[in-house]
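Novice: One-letter residues, chain by chain:
Protein chains: 2
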Amino acid sequence: MMSTIQDVAKHAGISIATVSRALNNPDKVSTETRERVMEAVRQLEYYPNEKAKLLSSKTKEISVGIIIPYISSYYFGELYKGISRTAKAQNVRIVLHELHDESGEQSLMDALTFCKQQGVSGILLSSQFVEKDYDLAISRLKLPVVLVLAHHESAMLPAFKIDDIKASFDAVSYLVTRGHKRIGIISGSLSNPVVGEPRYIGAKNAIDFYQLPFHDKQLVSGGIRFEDGYKAMNELLAARDITGITAVFTATDELAFGAMKRVRDAGLRVPEDISVIGFDNLSISGMFSPGLTTVSQPFADIGVEGVNHLIQAIKNPAEMKPGTYYLPYNIVERESVAQTSD
Amino acid sequence: MMSTIQDVAKHAGISIATVSRALNNPDKVSTETRERVMEAVRQLEYYPNEKAKLLSSKTKEISVGIIIPYISSYYFGELYKGISRTAKAQNVRIVLHELHDESGEQSLMDALTFCKQQGVSGILLSSQFVEKDYDLAISRLKLPVVLVLAHHESAMLPAFKIDDIKASFDAVSYLVTRGHKRIGIISGSLSNPVVGEPRYIGAKNAIDFYQLPFHDKQLVSGGIRFEDGYKAMNELLAARDITGITAVFTATDELAFGAMKRVRDAGLRVPEDISVIGFDNLSISGMFSPGLTTVSQPFADIGVEGVNHLIQAIKNPAEMKPGTYYLPYNIVERESVAQTSD
DNA sequence: CTGAAAGCGCTTACAG
DNA sequence: CTGAAAGCGCTTACAG
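Top line first, the protein sequences correspond to chains A and B. In terms of the working numbering, the first sequence is residues 1 to 342. In terms of the working numbering, the second sequence is residues 1001 to 1342.
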């Protein structure tokens, strides 16, 4: 049903080799031939079969697999924008793969295998579950893989992200410069190697550095979603008579949204009663009232740098340089943090 | 470098035909052979080349192209979730394609061609720019295409969405049942066939139906983003002494976020001073304070129904039934609409 | 500038 | 149960 290069050749009265040339290297055939071919292509509504092209061509097109835990996540759009633009610009195809089972394990292995079978030349991985256990599996893949927004325990892989510890430190410092001394922390699970532990550590470091008081009840750790933030703030508020917190650092913006909502629901105001600083700078963070002051992660840039490195590594394996690449971040000031003299 | 079926055959000391069988129809070869093959596969780290498989196999795997205007849009995640789950369950591959140039035209054509070349068997289209002009191009594709969250002027294509007119009518009715009589409308561009015109019409119909007062200045139409909502509410507020509005219907949630922010920035409160009802029910809409009361679109279901119909149509073209399929929606009540006796 | 032919990595009747 | 061979739709030296 779909016409092939054979049909075009017959229709134009020439060989398939010439048709192929007319299509891919127009200047290698005569003008007349080229036009005959184009006409035939038009009439037959011919579309070259990519599969066949790829199979026969020497100069293999390169394609990369993107493995992402959760497409609905609020940062995915930004990240993907960076990835897709630079991939397209360099003519590399993208195979997207979502990890369905968030718990990782099998799911990641499947994803890796799937990508391999699809014939990708490299993989961009954004899962936080890349632990040592995967080293063997990954090296067996014989494919370059680079990490974005993730961290690799044994640092065998290049990873692109921001310096979470430093950024968290800075976020708390920001609070301090605004006069806050009693600061609560809403953290992800301390066993989470990206949004959990390092962001907690950075924040805690700052509290120690500035020699601020810190009571057990100033820290609540657990999930990283809206509901978790809501519940965490609830606990923080309950302990306020003993902690006296005036501000809170949250490990993610979503956590901050939940926390802010809880503050409101308690009849309190942000930032007058409780200041909040988040982490991520999702595209929606400015839409809230008050706008959320937060650490801005350069999601798009991380995507760009990540694929770029990957593509280089694909073209020349020697370019594959393990290690963690920290991208610049900054704090965007909006309205969720008040100045206080307290 | 990558091992092929040839290598496996040699390694196992049998023919490639048998290797192929051992891999695809394990029960068609002897146990011993199967094990030899598996062992060779393991040792050589063999992965079948999907391209070659697809090219040679009779029973073509089916894959669908998804064309979406903007991956960063807040509803994409939900929509894609529905699409990808049902596609995967039925073993169909997805080729994602974002329309870069929002203005449509060339971009849509390119996307269509791209998908065709990739060898997809059908296309799921979520662009709002599908006007009559494309009928020819689409029919030339000789591929089934179904629309989601979109509308097709000449209704030659199946389209899955909610009934925007009816839903908008209901949203305004909701306001009326809460005692509101003077209602503002923030609409998308009236020339937008999905979120613009129909949602305006539905809202206006309700205002007429309930014989409510309606002054020119009760309507602001234009964009559909946050900033547009902010500006629109500004105008609405400025005209409040003559319109006396107590509530506003917005054509999208993003518009509602902008509008709510403007209300706050004016020192007013939602819903006490101005009630707001949105349209979409994005996953973030409940995170705001107050939570946004809004028309809930079943994005995931729309995705599910859309691909399902598409896959049916691919398997049996007779199943392709043009027309608009309306999915159920509902209004989710949160806290942005107040009861009033005014 | 053009054509015949080999080859890309598989699958699948067809024989045996 | 297994193998030889044709074929999927292209590309690309190699001749001419």
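Calculated from the structure, these hints are not laboratory results. Honestly, I wouldn't trust all of these hints.
Listed below are the simulated DSS-like cross-link pairs for lysine-lysine, each with C-alpha atoms no more than 30 Å apart in a straight line [what the hints assert, rightly or not]: (1) K1142(B) / K10(A); (2) K28(A) / K1051(B); (3) K1116(B) / K51(A); (4) K10(A) / K1051(B); (5) K1231(B) / K116(A); (6) K231(A) / K1081(B).
Selected chain B positions facing chain A (Cβ under 10 Å, derived; list incomplete) [to be verified]: (7) K1088; (8) V1263; (9) R1264; (10) L1282.
Away from chain B, derived, C-beta distances all over 10 Å, residues of chain A [to be verified]: (11) G13; (12) P48; (13) E98; (14) T113; (15) K181.
We put the beta carbon where it would ideally sit given N, CA and C, even for glycine.
Novice: Hints first: check each against the structure and report whether it holds.
Specialist: Here is how each hint holds up against the structure:
1. K1142(B) / K10(A): holds (22 Å)
2. K28(A) / K1051(B): Measuring from Cα to Cα gives roughly 28 Å; hence the hint holds.
3. K1116(B) / K51(A): holds (12 Å)
4. K10(A) / K1051(B): holds (26 Å)
5. K1231(B) / K116(A): Violated, at roughly 49 Å.
6. K231(A) / K1081(B): holds (27 Å)
7. K1088: holds (8 Å)
8. V1263: holds (9 Å)
9. R1264: holds (4 Å)
10. L1282: With a closest approach of 9 Å, the L1282(B) hint holds.
11. G13: For G13(A), whose nearest Cβ neighbour in chain B is about 24 Å away, the distance exceeds 10 Å, so it holds.
12. P48: Per Cβ check, P48(A) is inside 10 Å of chain B; nearest 7 Å; violated.
13. E98: It is violated; E98(A) is separated from chain B by about 6 Å at its closest Cβ, not greater than 10 Å.
14. T113: violated (8 Å)
15. K181: Non-interface label on K181(A) holds, nearest chain B Cβ at 26 Å vs cutoff 10 Å.
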